[in-house]
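Using the sequences and the hints given, assemble the complete structure.
Listed here are the chains, written in short residue letters.
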Amino acid sequence: MTDTKAPELQLQAVAQSTYECLRCAFCYDLSWLGSTNLCPSYTWGSFESYGGRGRVALARALLEGELEYDESLIPRIFACTECRACAEHCFKYIDTVKVYDRMRQDMAVRGLIPPELKIAVDQLVASHNLYGKPHEKRLSWLKDRSRVDQPAPVAFFVGCTPSYVRRSLAEDFYSVLDSSDLDFTVLSDEWCCGHPFLAAGQTERAAEVMSHNVEALQDLGVEQLIFECPGCMRTFREDIPAVLGEPLPFEVLHITEAIAEFVEEGRLQFSIYQPGTVVTYHDPCTLGRGLGIYDAPRAIIAAMPGMRLQEMPRHGRDAYCCGAGSFVRYDYASLTDQTGVERFWEAAATGAQLLLTSCPACVTQFQNVRAALDSPLQVMDLISLVKQVARWK
Amino acid sequence: MERLQEICGPEHVTNVYADRICYRRDCGPTPGGIPDIVVRPQSTAEITQIFRLANEVRKPVFLWGRATTFVDHGVQEGCILLALDLMNRILKIDLENQVVTTEAGAIWHAVDSELNKLGWEIAVPGGGGMFSCTIGGTVAYNAVPHGITEYGVTGRHVVALEAVLPDGTVVRTGSAANRDAPLPIERGANGPDLAGLFIGACGTLGAITEVTLRINRIPETERFLFYAFDTVDQCVDAAAAVQRQNGATFLIGLFGGPPPANVSGKAFLHMIIRDGQTRAAERVRTCQSVCESYFGRPQDPEGTKRYWLGHMYSWLRNTPPNAYYGSRPYYCPEVAGFLPTLALKQAIPALHEYVRTNAEFARAGMRVKGMDVYFSPNAAFLWVDTLYPEMSPEAKQVGLRVRAEIAELLFGRWMSPGGIVSGIAPYIMPRLGSAYDLMKTLKRALDPNNILNPGVLLLGKDQE
Numbered sequence: 001m002t003d004t005k006a007p008e009l010q011l012q013a014v015a016q017s018t019y020e021c022l023r024c025a026f027c028y029d030l031s032w033l034g035s036t037n038l039c040p041s042y043t044w045g046s047f048e049s050y051g052g053r054g055r056v057a058l059a060r061a062l063l064e065g066e067l068e069y070d071e072s073l074i075p076r077i078f079a080c081t082e083c084r085a086c087a088e089h090c091f092k093y094i095d096t097v098k099v100y101d102r103m104r105q106d107m108a109v110r111g112l113i114p115p116e117l118k119i120a121v122d123q124l125v126a127s128h129n130l131y132g133k134p135h136e137k138r139l140s141w142l143k144d145r146s147r148v149d150q151p152a153p154v155a156f157f158v159g160c161t162p163s164y165v166r167r168s169l170a171e172d173f174y175s176v177l178d179s180s181d182l183d184f185t186v187l188s189d190e191w192c193c194g195h196p197f198l199a200a201g202q203t204e205r206a207a208e209v210m211s212h213n214v215e216a217l218q219d220l221g222v223e224q225l226i227f228e229c230p231g232c233m234r235t236f237r238e239d240i241p242a243v244l245g246e247p248l249p250f251e252v253l254h255i256t257e258a259i260a261e262f263v264e265e266g267r268l269q270f271s272i273y274q275p276g277t278v279v280t281y282h283d284p285c286t287l288g289r290g291l292g293i294y295d296a297p298r299a300i301i302a303a304m305p306g307m308r309l310q311e312m313p314r315h316g317r318d319a320y321c322c323g324a325g326s327f328v329r330y331d332y333a334s335l336t337d338q339t340g341v342e343r344f345w346e347a348a349a350t351g352a353q354l355l356l357t358s359c360p361a362c363v364t365q366f367q368n369v370r371a372a373l374d375s376p377l378q379v380m381d382l383i384s385l386v387k388q389v390a391r392w393k
Numbered sequence: 001m002e003r004l005q006e007i008c009g010p011e012h013v014t015n016v017y018a019d020r021i022c023y024r025r026d027c028g029p030t031p032g033g034i035p036d037i038v039v040r041p042q043s044t045a046e047i048t049q050i051f052r053l054a055n056e057v058r059k060p061v062f063l064w065g066r067a068t069t070f071v072d073h074g075v076q077e078g079c080i081l082l083a084l085d086l087m088n089r090i091l092k093i094d095l096e097n098q099v100v101t102t103e104a105g106a107i108w109h110a111v112d113s114e115l116n117k118l119g120w121e122i123a124v125p126g127g128g129g130m131f132s133c134t135i136g137g138t139v140a141y142n143a144v145p146h147g148i149t150e151y152g153v154t155g156r157h158v159v160a161l162e163a164v165l166p167d168g169t170v171v172r173t174g175s176a177a178n179r180d181a182p183l184p185i186e187r188g189a190n191g192p193d194l195a196g197l198f199i200g201a202c203g204t205l206g207a208i209t210e211v212t213l214r215i216n217r218i219p220e221t222e223r224f225l226f227y228a229f230d231t232v233d234q235c236v237d238a239a240a241a242v243q244r245q246n247g248a249t250f251l252i253g254l255f256g257g258p259p260p261a262n263v264s265g266k267a268f269l270h271m272i273i274r275d276g277q278t279r280a281a282e283r284v285r286t287c288q289s290v291c292e293s294y295f296g297r298p299q300d301p302e303g304t305k306r307y308w309l310g311h312m313y314s315w316l317r318n319t320p321p322n323a324y325y326g327s328r329p330y331y332c333p334e335v336a337g338f339l340p341t342l343a344l345k346q347a348i349p350a351l352h353e354y355v356r357t358n359a360e361f362a363r364a365g366m367r368v369k370g371m372d373v374y375f376s377p378n379a380a381f382l383w384v385d386t387l388y389p390e391m392s393p394e395a396k397q398v399g400l401r402v403r404a405e406i407a408e409l410l411f412g413r414w415m416s417p418g419g420i421v422s423g424i425a426p427y428i429m430p431r432l433g434s435a436y437d438l439m440k441t442l443k444r445a446l447d448p449n450n451i452l453n454p455g456v457l458l459l460g461k462d463q464e
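Quick note, the sequences are listed as chains A and B, same order.
Note that our numbering has the first sequence beginning at 1, numbered continuously upward.
Note that our numbering has the second sequence beginning at 1, numbered continuously upward.
Hints listed in this document are in silico derivations from the structure and should not be mistaken for laboratory results.
Where hints are given, some of them may not hold.
[Stated by the list, open to error] Pairwise CB distance ranges (calculated): (1) B:295 with A:264: 26 to 36 Å; (2) B:264 with A:278: 48 to 58 Å; (3) B:86 with A:183: 40 to 50 Å; (4) B:365 with A:351: 35 to 45 Å; (5) A:266 with B:309: 31 to 41 Å; (6) B:169 with A:277: 51 to 61 Å; (7) B:92 with A:111: 30 to 40 Å; (8) B:363 with A:111: 41 to 51 Å; (9) B:323 with A:98: 19 to 29 Å; (10) A:16 with B:244: 25 to 35 Å; (11) B:179 with A:16: 54 to 64 Å.
Ideal placement from N, C-alpha and C gives every residue a C-beta, glycine not left out.
Written as structure tokens, this is what we have:
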């Protein structure tokens with residue numbers, strides 16, 4: 001049995017939030033849209049302890065000494081994709097994910113971390129990437145090294161997934177930026193952004209990698225950092241200032257925002273991908289609810305001739321998670337699989353030929369689901385489509 | 001535990017403390033007891049077996065729909081908690097007979113959204129207001145719905161029910177009771193109104209498992225009006241006149257709490273009119289004439305419209321939800337009920353006087369959130385919503401005393417509550433005399449072992 005007496009509760013910092021919860025259950029489903037799920041974790045875990053209102057009740061019970069952290073809480077707190085749907089729909093505007101994060105921190109110091117996630121973040125310390133691959137291979141996808149570590153006003157933060165498992169995505173991103181005439185650089189010594197450490201409740205480890213990345217980018221005189229991965233971007237925009245206690249010394253921008261701006265300025269136009277293509281767009285949770293970026297991807301799609309966007313019933317702030325968030329696959333693969341299948345079928349039901357999204361984790365997840373289901377619905381990251389049809393002026 | 005797992009499957013039964021602790025409290029101020037076991041049946045047959053088991057082992061069973069009432073449901077320590085969320089299917093949308101049949105755990109708004117896609121709606125909109133209540137819970141509580149001014153209370157639109165009695169017997173009501181023609185089309189068929197036995201009984205006499213509700217075509221148009229008045233009396237007189245002339249589908253009065261932003265006055269009326277174009281225009285003119293004859297001043301009804309479309313109460317006060325609901329760790333010891341419309345002229349000043357002269361109220365940091373009225377076709381449903389700071393145990397005690405005192409003040413002179421559960425029952429049931437005696441007789445007859453929602457409505461309390 002783990003010692004549950006020791007350290008002070010991090011949860012105290014968000015105590016008020018737990019008293020604000022009215023228990024309205026807006027965090028469980030999207031009844032306004034019909035009989036539709038909102039929370040993947042509640043859908044999977046079945047009992048209220050896996051959903052927003054239940055977790056906040058657990059937090060309050062912990063604060064009031066009615067409950068102590070133990071192993072039973074591990075799945076109830078960590079089997080959560082942190083998709084922010086509960087926070088987005090909270091009647092009382094509670095940032096529920098902050099409550100979950102504090103609980104994760106409390107659990108981490110008590111040794112209560114899901115086993116596979118623990119292994120992953122432990123190896124991350126040495127390899128600086130979530131996949132345990134050699135750090136020196138991080139840029140092996142990049143043939144032309146001329147921009148690497150060169151001082152520039154803009155930097156491309158590649159992220160672990162494009163660097164190691166979706167290298168074509170990294171290439172596409174690089175290629176689009178290269179065609180745009182931006183003066184940008186890429187770090188050879190880029191480390192993981194630190195998000196996995198935060199997901200595991202390990203703030204100190206996260207601080208170390210955050211400091212490394214920020215200093216390395218500052219050394220190159222970077223003023224603006226562009227991301228493909230919304231998780232990395234949110235870590236920079238929201239978590240680094242909170243963890244390091246100082247504002248970020250550069251601007252951050254998602255690649256879809258940059259491309260939408262090129263389109264708006266008339267610098268970028270598109271040729272026809274395939275005449276009459278119907279696409280649907282999956283809002284990545286972190287890009288949408290986490291960063292508030294809903295319009296830029298749609299503006300890009302709207303600018304593509306001969307293409308029609310057919311929205312899924314759950315889109316924008318109501319979008320359902322793909323199931324891959326917050327590294328739940330390591331320990332709760334069935335949660336990831338069940339959620340991904342539900343979302344994929346929703347996409348397929350639109351009649352679209354192409355499922356677009358803007359997140360390496362979502363693309364990976366949907367491609368896995370597609371392969372398992374043997375579906376004709378194609379899956380593509382928006383940046384890869386842009387690369388195919390871009391006509392620069 | 002093992003036998004419940006056999007009935008419902010192991011994945012639908014838990015005795016893990018972290019799970020159980022989440023099933024004891026509704027939106028009311030007082031956490032109930034922690035159940036011993038939480039079970040999520042998937043069918044009426046499973047509920048039947050659970051009730052039989054509960055009788056055998058003499059273990060109380062509490063029903064859990066969505067737990068969004070504001071007045072303390074009263075879950076008891078050590079019970080079996082029956083969560084009905086898996087019984088959430090829409091069984092049949094029957095446009096021909098203008099009814100919809102669902103399982104009890106279906107979410108009201110989810111059912112309504114499915115009907116909306118076909119151009120129809122449940123005959124009474126938003127039985128649980130903005131909250132995502134279940135159909136079964138809303139009917140069991142006989143909730144006061146939006147649109148009550150024209151449509152009446154939720155129970156009025158129930159056509160048929162399926163319920164499991166505490167001994168496990170399954171009954172169907174109205175025309176659905178005929179085994180050879182189980183068609184849920186008329187509540188008044190086949191003898192006494194057995195559906196009425198379960199509507200408003202809050203699960204004390206049986207567990208509602210299926211509900212058939214009337215449905216309507218969505219009206220052609222919706223119109224909105226908002227008026228401010230300088231006195232409570234003028235506002236009440238205007239409301240009564242609107243009721244007499246069937247002016248509004250939904251008439252809402254604000255008589256306390258924060259006034260609407262950027263509007264002066266002492267009392268306010270919001271009006272929502274739903275009808276065909278021509279008739280709606282006539283009703284708008286009626287409401288306007290009435291309000292103006294009582295010196296009402298017309299205001300921008302944008303807040304009224306937003307309230308109706310998004311069901312966010314804050315808009316009744318011209319305030320966006322984030323400003324109204326965000327960062328407020330308060331709970332509401334609500335008292336609500338029906339009283340004659342004109343009695344508001346005495347009740348509202350009496351409530352303001354109570355708040356003004358109650359030294360504890362301010363000392364505990366309490367506030368008045370609203371003294372709001374949903375006008376029924378012929379009466380007023382007044383919500384007295386006070387708030388206490390949830391982080392202070394002392395304030396909570398004051399809040400509970402305030403609830404008792406306001407209940408005493410209102411129930412003793414004017415008011416009879418609508419939905420009643422444990423938080424309100426002690427203040428009203430002893431006043432009901434032989435009606436309460438009859439309820440207790442029914443409870444004993446149907447639930448001799450007192451296993452189903454014991455103590456809710458105080459029913460079964462004498463058997464404990």
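Hints and how they fare:
1. Distance hint check: the CB atoms of residue 295 (chain B) and residue 264 (chain A) are about 54 Å apart, inconsistent with the given range 26 to 36 Å.
2. Evaluation of the 48 to 58 Å hint for residue 264 (chain B) and residue 278 (chain A) yields a pass: the beta carbon distance comes to about 54 Å.
3. For residue 86 (chain B) and residue 183 (chain A), the Cβ-Cβ distance of about 58 Å falls outside the hinted range of 40 to 50 Å, so the restraint is violated.
4. At about 56 Å, the beta-carbon gap between residue 365 (chain B) and residue 351 (chain A) misses the expected band of 35 to 45 Å.
5. As the Cβ distance of residue 266 (chain A) to residue 309 (chain B) is approximately 38 Å, the hint placing it in 31 to 41 Å holds.
6. Take residue 169 (chain B) and residue 277 (chain A): their Cβ atoms lie about 59 Å apart, and the range 51 to 61 Å holds.
7. For residue 92 (chain B) paired with residue 111 (chain A), a C-beta distance near 52 Å fails the hint of 30 to 40 Å.
8. For the hinted restraint 41 to 51 Å between residue 363 (chain B) and residue 111 (chain A), the CB-CB distance of approximately 45 Å keeps it satisfied.
9. Range check, residue 323 (chain B) to residue 98 (chain A): about 20 Å between beta-carbon atoms, so the 19 to 29 Å window is met.
10. For residue 16 (chain A) paired with residue 244 (chain B), a C-beta distance near 48 Å fails the hint of 25 to 35 Å.
11. Evaluation of the 54 to 64 Å hint for residue 179 (chain B) and residue 16 (chain A) yields a pass: the beta carbon distance comes to about 57 Å.
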